[in-house]
Amino acid sequence: MDLEKLTALQLAEKIKQHQISVLDGVKHVFEQIEKKEPKIHAYLDTYKKEAYARAKQVQKGIEDGTYTGPLAGVPIAIKDNICIKGKTTTCASKILENFVPQYNAEVIDRLERAGLVIIGKTNMDEFAMGSTTETSAYGVTRNPWDTEHVPGGSSGGSCAAVAAGETYLALGSDTGGSIRQPSSFCGVTGIKPTYGTVSRYGLVAYASSLDQIGPVGKDVADCAALLEIIAGHDTKDSTSIERQDLNFTKDMEGKLMGMKFGVPKEYLAEGLNPEVKAAFMDALKILSQQGAIVEFFSMKTTEYMIPAYYIIASAEASSNLERFDGVKYGYRAKEYEGLHDMYKKTRTEGFGEEVKRRIMLGSFVLSSGYYDAYYLKALKTKALIKQEFDRAFEKYDVLLAPAAPYTAPKLGESLKDPLAMYLGDIYTVAVNLCGLPGITVPCGMDSAGLPVGIQMIGDCFMEKKILRAAKEYETCRGTFPTAEEGGRKA
Amino acid sequence: MKQYETIIGLEVHVELATKTKIFCGCSTEFGGAPNTHTCPVCTGMPGSLPVLNKKVVEFALKAGIAANCQINQYCKFDRKNYFYPDNPQNYQISQLYLPICHDGWVEIETSAGKKKVRIHEMHMEEDAGKLIHDEWEDCSLVDYNRSGVPLIEIVSEPDMRSSEEVIAYLEKLRCMMQYLGVSDCKLQEGSMRADVNLSVREAGTEKFGTRTEMKNLNSFKAIARAIEGERERQIELLEMGRPVIQETRRWDDNKESSHAMRSKEDAKDYRYFPDPDLPPIHISDAWIQELREAQPELREEKQQRYQEEYGLPAYDAGILTESRSLSVLFEKTAELCGNAKKAANWFMVEVLRLMKEKSMDPEEVSFAPKHLADLILMVEKKEVSAQNAKKVFEIVFDEDVDPVSYIEEHGLKIVEDTGLLNEILNKIMEENPGPLAELLGGKEKVFGFFVGKMMKELKGKASPDAVREALNKEIEKRR
Chain A
1 MDLEKLTALQ LAEKIKQHQI SVLDGVKHVF EQIEKKEPKI HAYLDTYKKE
51 AYARAKQVQK GIEDGTYTGP LAGVPIAIKD NICIKGKTTT CASKILENFV
101 PQYNAEVIDR LERAGLVIIG KTNMDEFAMG STTETSAYGV TRNPWDTEHV
151 PGGSSGGSCA AVAAGETYLA LGSDTGGSIR QPSSFCGVTG IKPTYGTVSR
201 YGLVAYASSL DQIGPVGKDV ADCAALLEII AGHDTKDSTS IERQDLNFTK
251 DMEGKLMGMK FGVPKEYLAE GLNPEVKAAF MDALKILSQQ GAIVEFFSMK
301 TTEYMIPAYY IIASAEASSN LERFDGVKYG YRAKEYEGLH DMYKKTRTEG
351 FGEEVKRRIM LGSFVLSSGY YDAYYLKALK TKALIKQEFD RAFEKYDVLL
401 APAAPYTAPK LGESLKDPLA MYLGDIYTVA VNLCGLPGIT VPCGMDSAGL
451 PVGIQMIGDC FMEKKILRAA KEYETCRGTF PTAEEGGRKA
Chain B
1 MKQYETIIGL EVHVELATKT KIFCGCSTEF GGAPNTHTCP VCTGMPGSLP
51 VLNKKVVEFA LKAGIAANCQ INQYCKFDRK NYFYPDNPQN YQISQLYLPI
101 CHDGWVEIET SAGKKKVRIH EMHMEEDAGK LIHDEWEDCS LVDYNRSGVP
151 LIEIVSEPDM RSSEEVIAYL EKLRCMMQYL GVSDCKLQEG SMRADVNLSV
201 REAGTEKFGT RTEMKNLNSF KAIARAIEGE RERQIELLEM GRPVIQETRR
251 WDDNKESSHA MRSKEDAKDY RYFPDPDLPP IHISDAWIQE LREAQPELRE
301 EKQQRYQEEY GLPAYDAGIL TESRSLSVLF EKTAELCGNA KKAANWFMVE
351 VLRLMKEKSM DPEEVSFAPK HLADLILMVE KKEVSAQNAK KVFEIVFDED
401 VDPVSYIEEH GLKIVEDTGL LNEILNKIME ENPGPLAELL GGKEKVFGFF
451 VGKMMKELKG KASPDAVREA LNKEIEKRR
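Chains as they are written, first to last, in my numbering: chain A, 1 to 490; chain B, 1 to 479.
Derived by calculation from the structure, the hints in this document are not laboratory data. Since this is a predicted model, take the numbers as computed values, not measurements. Backbone N, C-alpha and C fix where the C-beta goes; we use that ideal spot for every residue, glycine too. Some hints could be false.
[To be verified] Stretch by stretch, here's where chain B covers chain A in the computed footprint (C-beta under 8 Å, at least three residues):
| # | stretch |
| --- | --- |
| 1 | 65–79 |
| 2 | 89–102 |
| 3 | 248–261 |
| 4 | 296–303 |
| 5 | 310–324 |
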């Protein structure tokens, strides 16, 4: 059987029908890891021994009826900013090089209850700050479609692992596009859920008001099934929301006929790569052909999205990252004189450039005398952006946008100009500022053969709408090649 | 020398007596081996998140209502950012922009009479851990047991003018918190802490002088000394024509002097901003109403009631209500023995005496009110002599024994059996034929001799009246 071709749901189905064992799936994934990791470096850590043992245990559980879920027995990779009890959790930072949490993130407990098999921790931009996975303290991850290119970020390891067939599913986190943008760059599907849908307990915070954990998978159905497992109210997270409509896999089939899609005109203006634009327009055509109504409208707050996002995210990050100080856990400078010198050296040596840049930016916008001019203004801007989205959702079921203005850049190109890199987040950050759900689905390729993704954005709690639209679009689009089939052989 | 007026405002931290911490389920109990009352949340582990303990809001509201405060029905938590190892996240979750209570007042009473001290605000926040410096190993250790214990900070307006007013204000707050049951306010355990903001100005002038903030004040006495010391220091500076510098000073109660910790110039920028992990709190009218209605009787009302209902003098009512726990003991005792005046007497004399002798706080007094009530009833029924009752009470006070069985077991019960009295009397008369002859001869002097002998033999088990009666009867019989 060609295990590579299976989606996560198909694999689980075959396990249920005793055509494949859980161990077969896990072994397959580790074979791929052994084969591809030297080139891709999607993982920071793998748990082969435990995964094999867990596979046997899950197999038994499936047989005795302990695990009945649709993804029982499926291997999954976890972004390294999500805590697993007893497993080093580094956030791809030197400052957490030796940090081993004594607790599970809520999502990990949920995955375990659903019978998934955790196979390792994936690479990311340090503390999820970056759009290329190049800010990792443990080396870059390469794009499986072309290893000269980045996988995007910050969940680059998770998306590359799925794209390279080194896992069936992965969890990422999305603060300003960190699931949707690398999903686009790697030709996979990823969802950023409505804020408060998935518990943040055990997710090492970057920007608490924006962070959400979400699924990465080969297609829409896989992602919906995984989202259904990880979503749900958690009393350990005060920002977690009690929702009833968490049956994301139900009623996914439906016609596009009559659905109203809106496209912000400003998103298609200057700065959008023509080939990405062409792929995006092709996707719009498919939707229209199916009877969907696609309209262009003006989103006047577009130019304020990046500044508002970077002020709010950096402000929260500057505070969230204060706890990494060398006192309690993690890296501590070897030589220092006194407490303040210890703080200073530990943080200077422990954090990378991009993280330090954002801590400084965040500290600045919160400092007395600047708070009103920057942070408070950014909050007001966020409210205006939200109002504009609210108005848009009065007219449209789903909003459409590219996931990024370009396809995956070459390694080493992006960090030279951080400001330009920030601007690349233009289509994704507003979704986080407004707490909206968004999904990226592959929609085409550029002339170099690198994938392009289309982003579908829903109003808060309207995951089911975007899932249905994405599922239907995916069906009409037809099969999308895997990195191995479509990618440039490295 | 010119006349100066002292202007004082206080920042008082009160540890709330919730069972669990403000943002996690860990115990707030004082003491405990280092880092045993901790979890990922109160030790600032990556990925952990705070969840507000609703009881903290309730306690803060109770305090605010009692201090006549306005309530911010939409309030938020803010992060106060500063690096120090006792603070595991390097930010303290506090309230700056929208504190839960503001603009209240409490009334204090000093020798000069009654006065209102205005409350600027009350806000909720988390306590920090404790740093211990190990001189031997030359390293610092940190204990996070206290990290995350809920506090309210009560900020007064600069309305106090003397240490007497400050102590009266603090006693008022402490009594109020204890009555509300929101804090035990033990200064020595740090569950009540005060920072003093003080400035002086020439008497009669309007403008406030430059103020300093005094920290590390661990007792009311230290606070009073620090106020006097700081007042003198500032006046001395002004008299020498030198300015008072706005700074934070640390009081050393052993040296009875203070030294500067930091000046305004190097005041920290705490970069306050709303905590994104905690949604805003909405406090409903109904909740406030409910708490208002459930507000316990406070000291002033109790004092009034003791005078009206029990007919106690104002002085006694004042003493008995000074501590809530003592007033509870008293009321229970009064109820059980059905005689408030008698109960009050026992408290005013015996309980207070024993507390003083053993230098105990009212909160430490722990005998069962039923035991004192039983004792009072036994005295009433003449089942035990007043003398013996006092002795028995000392044991009740210390060990909380049941006085009824104690008196029984130790043979202290007054003998009503005249048979026994007569038996002993006959025995004494036989042993003392000389005095007996005198007695029967009408010598009144020896009457006392026989009563004394009897009482000694009976060890207080019979009342002098009963003894006298038995003796008279016997004399009559023998004559």
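Verification of the supplied hints:
Residue count for the stretch 65–79 of chain A with a Cβ under 8 Å from a Cβ of chain B: 0. That is fewer than the three needed, and the coverage hint is violated. Look at the stretch 89–102 of chain A against chain B: 6 of its residues bring a Cβ nearer than 8 Å to a Cβ of that chain, three or more, so the hint holds. Residue count for the stretch 248–261 of chain A with a Cβ under 8 Å from a Cβ of chain B: 0. That is fewer than the three needed, and the coverage hint is violated. Proximity of the stretch 296–303 of chain A to chain B, defined as three or more residues with a beta carbon under 8 Å from a beta carbon of that chain, is not established by the 0 residues found.
Coverage of the stretch 310–324 of chain A by chain B holds in this model, with 7 residues showing a Cβ closer than 8 Å to a Cβ of that chain against a need of three.
Comparing the model with each earlier hint shows violations of hints 1, 3, 4; every other hint is respected.
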